[in-house]
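Asker: The chain contents come next:
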Amino acid sequence: MIDFTFTEEQEMFRKAAREFAETQVASYVDEMEKTGEVSDAVVKALGEAEMMAITIPEEYGGLGLGYTERLIAVEEISRVSVATGMMLQVFALGIEPIVKFGSEELKKKYLPGLARGERLSTTAVTEATGGSDPTGIRSSYKKEGDDFILNGRKCFITNSHIADTITVLAKDEENPKAFCAFVLDKDMDGWKATHKEHKVGMRGCNTGELAFENCRIPATQMLGEEGKGLRVTMAAIGDVGRGGMVGVALGLQTACLEESIKFANERILYGKPIAALQTIQNKLADLKIDLEAGQLLGYRAAAIQDKGQRSSNEFAVAKYYTTEACQRAAKMAVDIHGGYGCMEEYAVSRFLRDSYVVGPSAGTSDIMKVIIGRWVLS
Amino acid sequence: MLNIVVCVKAVPDPKEACNIKIDPDTKTLLRCDVPLVLNPLDKHAMEAALQLKAQFEARISVLSMGPPEAGNIVKECLALGADQGYLLSDPAFGGADAYATAFTLAKGIRKIGSFDVIFCGMASSDGSTEWVGPEIATFLGLPVVTLVKKIVECKGASWIVKASVENGYRLAQVKLPAVFTVTRELNTPRTLSFSGIIKARKKDIDHWSLDELGVSSESVGLKGSPTIVSELNAQEENKRQVEILTGTREEKTDMLVQKLVEAGVI
Chain A
4 MIDFTFTEEQ
14 EMFRKAAREF
24 AETQVASYVD
34 EMEKTGEVSD
44 AVVKALGEAE
54 MMAITIPEEY
64 GGLGLGYTER
74 LIAVEEISRV
84 SVATGMMLQV
94 FALGIEPIVK
104 FGSEELKKKY
114 LPGLARGERL
124 STTAVTEATG
134 GSDPTGIRSS
144 YKKEGDDFIL
154 NGRKCFITNS
164 HIADTITVLA
174 KDEENPKAFC
184 AFVLDKDMDG
194 WKATHKEHKV
204 GMRGCNTGEL
214 AFENCRIPAT
224 QMLGEEGKGL
234 RVTMAAIGDV
244 GRGGMVGVAL
254 GLQTACLEES
264 IKFANERILY
274 GKPIAALQTI
284 QNKLADLKID
294 LEAGQLLGYR
304 AAAIQDKGQR
314 SSNEFAVAKY
324 YTTEACQRAA
334 KMAVDIHGGY
344 GCMEEYAVSR
354 FLRDSYVVGP
364 SAGTSDIMKV
374 IIGRWVLS
Chain B
18 MLNIVVCVKA
28 VPDPKEACNI
38 KIDPDTKTLL
48 RCDVPLVLNP
58 LDKHAMEAAL
68 QLKAQFEARI
78 SVLSMGPPEA
88 GNIVKECLAL
98 GADQGYLLSD
108 PAFGGADAYA
118 TAFTLAKGIR
128 KIGSFDVIFC
138 GMASSDGSTE
148 WVGPEIATFL
158 GLPVVTLVKK
168 IVECKGASWI
178 VKASVENGYR
188 LAQVKLPAVF
198 TVTRELNTPR
208 TLSFSGIIKA
218 RKKDIDHWSL
228 DELGVSSESV
238 GLKGSPTIVS
248 ELNAQEENKR
258 QVEILTGTRE
268 EKTDMLVQKL
278 VEAGVI
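Those protein sequence lines, which keep their order, are chains A and B.
For the first sequence, the numbering used here begins at 4 and goes up steadily by one.
For the second sequence, the numbering used here begins at 18 and goes up steadily by one.
No wet-lab data here; the hints were simulated from the structure.
Where is the CB? At the ideal position from N, CA and C, for every residue including glycine.
Hints may be right or wrong, so weigh each one.
Cβ pair distances, simulated, as ranges [stated by the list, open to error]:
#1 A:Glu14 <-> B:Glu229: 25 to 35 Å
#2 B:Ile39 <-> A:Glu14: 23 to 33 Å
#3 A:Asn285 <-> B:Glu229: 45 to 55 Å
#4 A:Lys189 <-> B:Leu273: 51 to 61 Å
Let's have the full structure, built from the sequences with the hints guiding it.
Answerer: See below:
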């Protein structure tokens, strides 16, 4: 018999993450929405609450927890702030390649600071010419002695302007089939964050461009084997990136359901709360069904990941389902709110904007279907 | 070493208050459909203990009486930073009033052995009697200060605390060991941390039943409760009445002010 229950400890992690989000993040949401800027206070609080340390092994200052716990944390924080959940999920996306492919020297150099939140990370793969298809990237490296010289530009990089420790993917200047992944940090010359994006949603989560100009990288900063960098970044994106987006989407779905229930019980129409209307109950039921289904898909994939098995296909299914579902949920939540749903005073208008940024992050729904299609045909 | 005992209670989640039912026969709360959480005021008692532990060499024991599920809130206190947990759990303890609860907790504290300071929340969010703390003190023959809102001095064997009274406060000097019931003004409770939860893996909870406490079943639970709840009814849900005021902006303002005055709000 399959046991679908969380352990008592996992329930306590959920409680901790929820308390953290409600007490340390919620009060900054309005400010983030207004300015569109990352809240330093929220980043500091994330570090103090050890949210970046979840999957980092204990020997490097982390908590040594699993992907299920990470999903719980991202879900609960996204329930309060999708922007913060996204920021957190991408910190892990930058950490994972170092944990999985970093040399002992790199792990000791970066992981303790990342675990404490003193360093902030991201992964930079996407370019104008390639993201879902990373072989299309144009950023390139050439070898010069023991160093690599990196040139190119990356776009749509979450945490671009706040990260000081980034995993970057580039192609061999002379061999288009060879890729390398490197860890860059703020002390290295030749790279900088340039343009900042102004997204329709997820305000308060920084997205922008990175430029590399003759950036000299010592060979010791390489992740994995030379020429096999695609494996490094795709492993991170496939399992951790998609998994994180599932958490973000589930948190948003939960927020949509909770706000809808609250409003439906408060809003009086025909002398009764609109929750008494079958048409509203039908929408609430749809929200709940999507949430339950999404949680089953997402946590099953996380459980597979925690067993050390490949979970990228299962996460592709969960990512497709939950990010589509969170868009449906946000629209339904706005619909339930009627005219109020169009007013920025009500959180559901933010949910709707956020939901449309959740969709393409870490791969669009169409790309998820491409992956799932390949899976079923393989 | 300062030995601190924090008494905590698992209460139905106040956020789910609308789902709490009442047993028509025993007039006790039926908690089956409502998750149990740490009594909100007990979080302040825990925080007081944790702040003392940060200042002095101290050991925090957490004590609760309740069904086995109450072990979760004891575990939560261990995750917050307590050192040892104790859960008094036995079907015979069920249905206890404040007196029988305090009696049982006092027995538990005696069995723990070492105690200099006993913290309790001022009241529980379900019973709200405010009696348990003072009654524990009575059973243990200790001084008690209720409604503590500030610990002014806590060095040595005699403490000075500021406690709320109607329209003011009192400063009380009390010799340890003593019982303190605390208000929410005392501190801001910390939240659970992931590393605290991990550390709690290595901390134990001792479960003590009626036999292990060495007390008679006649003196605990419903049988040991001198308080008879003759009637307990759920409050009728407030049916909200909506009245839409019509007229010009000025007229509506006047009408609204008039209605607020009539309602005694202003």
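Asker: So which of those numbered hints doesn't the model satisfy?
Answerer: Per hint list: zero violations.
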